[in-house]
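Q: If you read the sequences in order, they're chains A and B.
Each residue of the first sequence is one higher than the last, beginning at 1 in the UniProt record's numbering.
Each residue of the second sequence is one higher than the last, beginning at 1 in the UniProt record's numbering.
Take these hints with a grain of salt, some might be off.
Derived lysine-lysine pairs resembling DSS-like cross-links, with alpha carbons at most 30 Å apart [as the list claims (entries may be wrong)]:
#1 B:K274 with A:K177
#2 B:K99 with A:K177
#3 A:K49 with B:K10
#4 A:K49 with B:K236
#5 A:K49 with B:K302
#6 B:K111 with A:K68
#7 B:K72 with B:K111
#8 B:K291 with A:K49
#9 A:K125 with B:K291
Partial chain B-side listing against chain A, Cβ under 7 Å, derived [said to hold, decoys possible]:
#10 I77
#11 D81
#12 L217
#13 G293
Since the hints were made in silico from the structure, they are not lab data.
For each residue, glycine too, the CB sits at the ideal point set by N, CA and C.
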Amino acid sequence: MESRHLTHMRQAVKLAKYALDHNETPVACIFVYEPTDEIIAYGMNDTNKSHTGIAHAEFMGIDQIQEKFGAENLVEIFKDTVLYVTVEPCIMCASALKQLGIKRVYFGCGNERFGGNGTVLTINKDHSTISLNENKTYDAIPGIYRKEAIMLLRYFYVRENDHAPKPKVKKERILDKETFPPIIWSSYIDRSLFGQEFGLENLVHFDENTDLAGISNHGIDWKLIDDSCDDIVDTLEITRQKAQINIHKRIKSTK
Amino acid sequence: MVKKALNPLKIDFKKGIIENKLQQIRNSRTTTTPDLIKVWTIEVNPKDSKYVLDLIRTKTQKQDPISMLHIKRIRKITNSDTSVSLVVVIGSVELFEDKNSVQSMLHSFRKDLKYSNLSSSHEIPKEGPQTKELMLQWSDEYWPLVWRGNPNDQILNDYTFNMPFIEDILLKIHRLSQEQYENGNIYPIVTAFVDPNDSTNCIYACDTRAQQESSPLDHSIRIGINAVSKRLKERKKVIDNAHTEGYLCLDFDVYTTHEPCSMCSMALIHSRIKRCIFIQPMTMTGSLKHKSGDGYCMHQHKLLNSSYEAFQWVGDKLDPPEISQSTCC
Ligand SMILES: [Zn+2]
Ligand SMILES: [Zn+2]
Numbered sequence: 001m002e003s004r005h006l007t008h009m010r011q012a013v014k015l016a017k018y019a020l021d022h023n024e025t026p027v028a029c030i031f032v033y034e035p036t037d038e039i040i041a042y043g044m045n046d047t048n049k050s051h052t053g054i055a056h057a058e059f060m061g062i063d064q065i066q067e068k069f070g071a072e073n074l075v076e077i078f079k080d081t082v083l084y085v086t087v088e089p090c091i092m093c094a095s096a097l098k099q100l101g102i103k104r105v106y107f108g109c110g111n112e113r114f115g116g117n118g119t120v121l122t123i124n125k126d127h128s129t130i131s132l133n134e135n136k137t138y139d140a141i142p143g144i145y146r147k148e149a150i151m152l153l154r155y156f157y158v159r160e161n162d163h164a165p166k167p168k169v170k171k172e173r174i175l176d177k178e179t180f181p182p183i184i185w186s187s188y189i190d191r192s193l194f195g196q197e198f199g200l201e202n203l204v205h206f207d208e209n210t211d212l213a214g215i216s217n218h219g220i221d222w223k224l225i226d227d228s229c230d231d232i233v234d235t236l237e238i239t240r241q242k243a244q245i246n247i248h249k250r251i252k253s254t255k
Numbered sequence: 001m002v003k004k005a006l007n008p009l010k011i012d013f014k015k016g017i018i019e020n021k022l023q024q025i026r027n028s029r030t031t032t033t034p035d036l037i038k039v040w041t042i043e044v045n046p047k048d049s050k051y052v053l054d055l056i057r058t059k060t061q062k063q064d065p066i067s068m069l070h071i072k073r074i075r076k077i078t079n080s081d082t083s084v085s086l087v088v089v090i091g092s093v094e095l096f097e098d099k100n101s102v103q104s105m106l107h108s109f110r111k112d113l114k115y116s117n118l119s120s121s122h123e124i125p126k127e128g129p130q131t132k133e134l135m136l137q138w139s140d141e142y143w144p145l146v147w148r149g150n151p152n153d154q155i156l157n158d159y160t161f162n163m164p165f166i167e168d169i170l171l172k173i174h175r176l177s178q179e180q181y182e183n184g185n186i187y188p189i190v191t192a193f194v195d196p197n198d199s200t201n202c203i204y205a206c207d208t209r210a211q212q213e214s215s216p217l218d219h220s221i222r223i224g225i226n227a228v229s230k231r232l233k234e235r236k237k238v239i240d241n242a243h244t245e246g247y248l249c250l251d252f253d254v255y256t257t258h259e260p261c262s263m264c265s266m267a268l269i270h271s272r273i274k275r276c277i278f279i280q281p282m283t284m285t286g287s288l289k290h291k292s293g294d295g296y297c298m299h300q301h302k303l304l305n306s307s308y309e310a311f312q313w314v315g316d317k318l319d320p321p322e323i324s325q326s327t328c329c
């Protein structure tokens, strides 16, 4: 795994932690323009505050790109854009990303209830969701900072009280810091893509459905998810503002 | 729940067509093997059966996310000493997560209730089967079931339809779609959002992706959901009650000229709508009909935790302007 993927995903995880600290579902993403390796947008869930149920992190990022670079350039930019998101995009977001023709997606943990990149449906490889780029499908690669992404969700659910319409008769919620479900790599990618992305020496993880060692230092990067990071939004905002110029140059020069 | 014979609507139960005008859209996968779910059972002495039935009636039946109207709650067993016991289904594992919560519920209901063998080892079919033969077979294999007719008949019979209202809205979106087309919109797709508590004030949304400054994702359904949100915010200035469900279009009816794409059909799941009625199927990109696209049947996909009703207009000809089948609507 190239270190830039880890660097970008760390930013997404920090942003998800920021969301958690501000009473929002801890799911966040970073859009990176690959030719220049620059962050061009970021997103957090806004479903609690917006009350729409569709204000997912990915759409905040898409809106930022559209606002800065113009709707007419969206598809051109997406062709070379990679998304880093802490939780697998839901079916709706996976479809939006496909229609815009995103280049690739990296995510942390699977989305058990709504995942559109392999868990529930595999929208990124389907026939019915039409991509506006020539790349008809995209790869979605799981497992990067997976345990950290899961832990952030657990923090959220332990804290959140029962809002469900029909409250279950529940045992007391206990924060589980030790056990993690196996990661079924083959639900998302095939063995050869795994080898390309993570190195042939790691294929044992693919075969045994285990997490990659090294990424999480054999465990969990507690510092990453426990330290507060209130400056992350400012940092990302400055970064994305800077990125604007380079992309404009590129789009103009290719015309 | 109306009796079938008393329903004022004309329903073709075999084909799932209401008043010759609305075709119910279902996942036509016919199940011969059921989805199973574990249930909590206890054994009691037959003389205590009335307490247990009372317990089910007051403490678990209404609360259980799994409906058990299709199973027999009680099964007789003969013990090795020829005495008879009753095995009773208390509730699903969706209702009670662990043994302790069942025990404390039983205790709070009746301190001296005598029971034994509390376990969650029995499995029942999550839903009743479509035919009587299958019902007998499953009763044998899993747990005794009750036959109440094809469950889909009851579903159809329980739907409520205000046909004149529905036709009115469909005509309206159809007309708007024609107008859009005549004004040069190459995506003449129109959706109406109807709030069950404010049905005279519905929101009409047009696909705007052909406009300047618009994104390719500005499908009419997304535009509509955002318009509903905007109206709510304007009316209330701020959304103050953080404890409302949080689902903006809860129980809305949505009328749309073209069968929605994967993004939009899922957006409707997230929005918790009640019903979607469309006019024109999209054979390549549609996500509701099992013959459309990849056959997602998003409105009642088994793995998603919520669903909505879907119907296609099959009544008098309403022909929305033709658009390319490779368009996501
Ligand atoms: Zn999403
Ligand atoms: Zn759509």
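Q: Which numbered hints turn out to be false for this structure?
A: 1, 3, 6, 8, 10 and 11
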